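Position chain B relative to chain A; hints supplied.
One-letter residues, chain by chain:
Protein chains: 2
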Amino acid sequence: MLGRASRVVRVCQHAIRLPVLARFYASSSLPPTLHVLRRDAETKLASLQDMDAPVTAHGWIVSVRRHKTRTFVELTDGTLGGAATLQVVLPGEARELTPGQAVRLSGRMAAGRGRTSSQRVEMHAEDVHVLASTDLATYPLANVMHSTKPDSVAADIVRQVSHFKARTLHFGAIQRTRTRIELAMAAWMDQNDFCKVHPPVITSSDCEGGGEIFRVVAESDVAQQPSSVENMTAFWSGNDAYLTVSAQLHLEAYALGLSRVWSLCPVFRAEGSATNRHLAEFWMLEAEMCWLPSKNALGAILDCTEEVLKSAIRAAWHEGRAKDDMTFLGATDEHAASIEAPWPRISYTHAVQLLRAQCTEVPAPVWGDSLRSDHERWLAAHFGMPVFVTDFPSNIKPFYMRENDEQVTLDDALHPEAAGASRKTVACFDLLVPNVGELVGGSVREERHDVLLQRMKQSGLQSSSLTWYIHDLRRYGGPPHGGFGIGMERLLSWLTHTYHVRDLVGFPRVKGPLRH
Amino acid sequence: MLGRASRVVRVCQHAIRLPVLARFYASSSLPPTLHVLRRDAETKLASLQDMDAPVTAHGWIVSVRRHKTRTFVELTDGTLGGAATLQVVLPGEARELTPGQAVRLSGRMAAGRGRTSSQRVEMHAEDVHVLASTDLATYPLANVMHSTKPDSVAADIVRQVSHFKARTLHFGAIQRTRTRIELAMAAWMDQNDFCKVHPPVITSSDCEGGGEIFRVVAESDVAQQPSSVENMTAFWSGNDAYLTVSAQLHLEAYALGLSRVWSLCPVFRAEGSATNRHLAEFWMLEAEMCWLPSKNALGAILDCTEEVLKSAIRAAWHEGRAKDDMTFLGATDEHAASIEAPWPRISYTHAVQLLRAQCTEVPAPVWGDSLRSDHERWLAAHFGMPVFVTDFPSNIKPFYMRENDEQVTLDDALHPEAAGASRKTVACFDLLVPNVGELVGGSVREERHDVLLQRMKQSGLQSSSLTWYIHDLRRYGGPPHGGFGIGMERLLSWLTHTYHVRDLVGFPRVKGPLRH
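Line by line, the protein sequences are chains A and B.
For the first sequence, the working numbering assigns the number 1 to the initial residue and increments by one for each residue that follows.
For the second sequence, the working numbering assigns the number 1 to the initial residue and increments by one for each residue that follows.
Okay, chain A solo, but in the shape it has when bound (with noise of 0.2 Å):
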């Protein structure tokens, strides 16, 4: 301690000698946010303590409604949840104010008149001070701050001026939801010894074997040779280097020393199609564990899945502002019955045979098929909550998941089709969503060296860049292991029913042009 207390001291001394040429910047905080402006205030409220205490507000005008000895002024700073604001009541007709401004106002907190949970306290203003205007004539968002849904005209102007998206109620309501979701999924991982880690972005190797891919190249190779793209490899000396598609073979080194681990990282896909549910950036909750049970290795990935994500669901409707968040973005308590109930689980086979017997509406799939994204609906919607769907034939799935020992038996009468195909299967599942379809992708690894070397030729895919992965990881202690990736934005849209992703997301990345 004494050591401690003398150097506070020394650098005391040297504060106190030095000529005084400089400012110092003694402690000053934030003010107050508009959130807990009004707590505290229905706090003392409820608890009939003295309200008379000069508070300063600060925040955008959303509405500004003039009688004839007072003005009401609707004050917001993307603190509030849904779609709730802090009246303010000021004396006179304050000409001066117009929606879109950012002001700072002086005043004390009252009981409010308003009958709404969100009235229950308002601001009597003595002072108003512009701290920024705005010009009402050209501003793209004068006539939409209050708008809420994003499949409306409003939405087609936001989507114009990403900048201001941040502005409109309905993308506050969005990101504050996200970031319950996040929090939560991270205390869940935390909680069960989950090592937090961080693959790297760009990587020399396609995981997926797509081909949609992003190539990173060093600004000052383009530079210095401009019409040479092999040369432009300069950087990495020769190596191609690329964005990452999924954290999953590095997260599997990762988890061949710590167990578990999980990762929340950027992806990217080099997607051409425009569908509400691609982004060409987009970020994934990785997971990967090791020591899975020899029996119902499966059964473990998929507790772990559902688990994490109850806790996400559980987080966005937990709280008073997170309640007032989801129903004013019109979610409904679907969600809060997929907490209770244990989530289906079926075979692909299994969804096959569902499809072909009661799906009317799309063309049924034939054993061996992928699932298109309307046969997922389909299934999420049959069931009326998430459906986990299980062990897919192994030629429409990555050479990385793991063979299952038995092939399955099919009733060729049900599948004519599919009387000549290879029974093989993998461990691995998608959890379908209703709306979203594909939530999440997960397996079993491929632990057998031999096996994985087999699959990944069979596959055509190179192995000279995945060494480490292919070689290395399983002959040296590479226990059963498999996980999990969760596309955060899908989880977002089905949580807060939003259709297209892109208006999930600040600056959603698609093709076409780049404005910001």
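Hint data in this document are derived by calculation from the structure and do not stem from the laboratory.
What you are looking at is a predicted structure, and each value in this text was computed from that prediction instead of being measured.
Glycine included, every Cβ here is placed at the ideal spot set by N, Cα and C.
Subject to a maximum C-alpha distance of 16 Å in a straight line, what follows is the list of computed EDC-like cross-link-like pairs (lysine to aspartate or glutamate):
hint: 1; chain 1: B; residue 1: Lys511; chain 2: A; residue 2: Asp240
hint: 2; chain 1: B; residue 1: Lys295; chain 2: B; residue 2: Glu403
hint: 3; chain 1: B; residue 1: Lys424; chain 2: B; residue 2: Glu406
hint: 4; chain 1: A; residue 1: Lys310; chain 2: A; residue 2: Glu340
hint: 5; chain 1: A; residue 1: Lys511; chain 2: B; residue 2: Asp221
hint: 6; chain 1: B; residue 1: Lys424; chain 2: B; residue 2: Glu403
hint: 7; chain 1: B; residue 1: Lys457; chain 2: B; residue 2: Glu403
hint: 8; chain 1: A; residue 1: Lys511; chain 2: B; residue 2: Asp240
hint: 9; chain 1: A; residue 1: Lys511; chain 2: B; residue 2: Glu219
hint: 10; chain 1: B; residue 1: Lys511; chain 2: A; residue 2: Asp221
hint: 11; chain 1: A; residue 1: Lys424; chain 2: A; residue 2: Asp369
hint: 12; chain 1: B; residue 1: Lys511; chain 2: A; residue 2: Glu219
hint: 13; chain 1: B; residue 1: Lys310; chain 2: B; residue 2: Glu340
Part of the chain B face toward chain A, derived, beta carbon under 7 Å:
hint: 14; residue: His58
hint: 15; residue: Gln101
hint: 16; residue: Leu131
hint: 17; residue: His163
hint: 18; residue: Gln175
hint: 19; residue: Ile213
hint: 20; residue: Ala241
hint: 21; residue: Phe507
Computed footprint of chain A on chain B; a stretch qualifies when at least three of its residues, placed anywhere within it, have a C-beta under 8 Å from a C-beta of chain A:
hint: 22; region: 191-197
hint: 23; region: 471-483
What follows is chain B alone, placed relative to chain A:
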């Protein structure tokens, strides 16, 4: 409630009615980690409870010692703190066991016979099953599994085989510490009403104007136009696309709607120099906040920076396992002292005076020079704790930092070389920490449209791709705001006493061959 119950029944009916072609995955648990096994046994031991329940332990063998009638195995799974292992006692010689194997052991926990805190309990195994063997003759880690320090021969070996890095004691301690730091900082942000946001990794602008950036092109465009760089931006409709060097500009857009925002994202610099502090890909925690007080605006940002970093330091030392990791890494109570004291805040001008008056080891700077990294380290060492240096000359800082109203008054006798220099400064700061140097950079942003435009022109940057930032964010309700960015690897480097940031990262990206 009725609706929910009937839905569950419907699901069950399907499950029963459908043909049993499929696997069905019942709930299946992962086996407990060694951390949980040890913790539960210690709890039972301390409360004198029965320890007779059978348990199963999974892990990698670190060492095997054979006595006449017993074999002692040290087991790790990456979830214990520091160099701790679980000691397992097996009957007989257990000839088949070697270091590096992945094993499953069955038996019972018991009071330990060792003297250290990690030996309070041990396992008495009856059965062992080798899940994955290791060829010790070729295993790169065969002789370095126990190695601890990254500045040893072992470190060179580990750097060659990044995919085995997570199996080393050193990296495990690093990564667990990083997990704790991130969780604590996320909690601090949440408690202080900061909303987590997700700025894009692929951007259209180089916000620092440094030029050391990476370009992103779709691989399909490369394949179609192999010899033409110009056409390689087809995916982006002819726009240039880069990897972000900082999320700041986008964070400002988020903050000007949500008031307080933060992000944890990878950023990229095509940095050619191979120093101990630089990576081409690293993670930044960035925060941006609105409604800075009109007096002492920068002070509010310094306060936030100091508080969130102190929450990280506290977390790194918080509980038993955390302390084990930090002690193992050779960290000292210097950090604890940093929590107690307020961190000194001096101006750049003050820092230059101090260097010229007292620093004899390094050539002193002239007012107007950038501080070199050896200046930064000298200043941090001088104060013996983190020190904020504020208000740098405007001509050595980016255009978006807010210009101070007053010019600096210099003592020309002390600064003869600077007699003719501009004395303008900007409201910014660097946080310098011992051994590492710059850890955080931040500033108040220039919110005045005309000043910003002039500063941008002076710095020679084109504003065309930044219209949204320069014009829109300033003209439509943009109040005073500012923020900071913390280099997460440098924070970890400081806290864990790790000299090379690349030893902190699983798969570090630097100029040169890309192996993984």
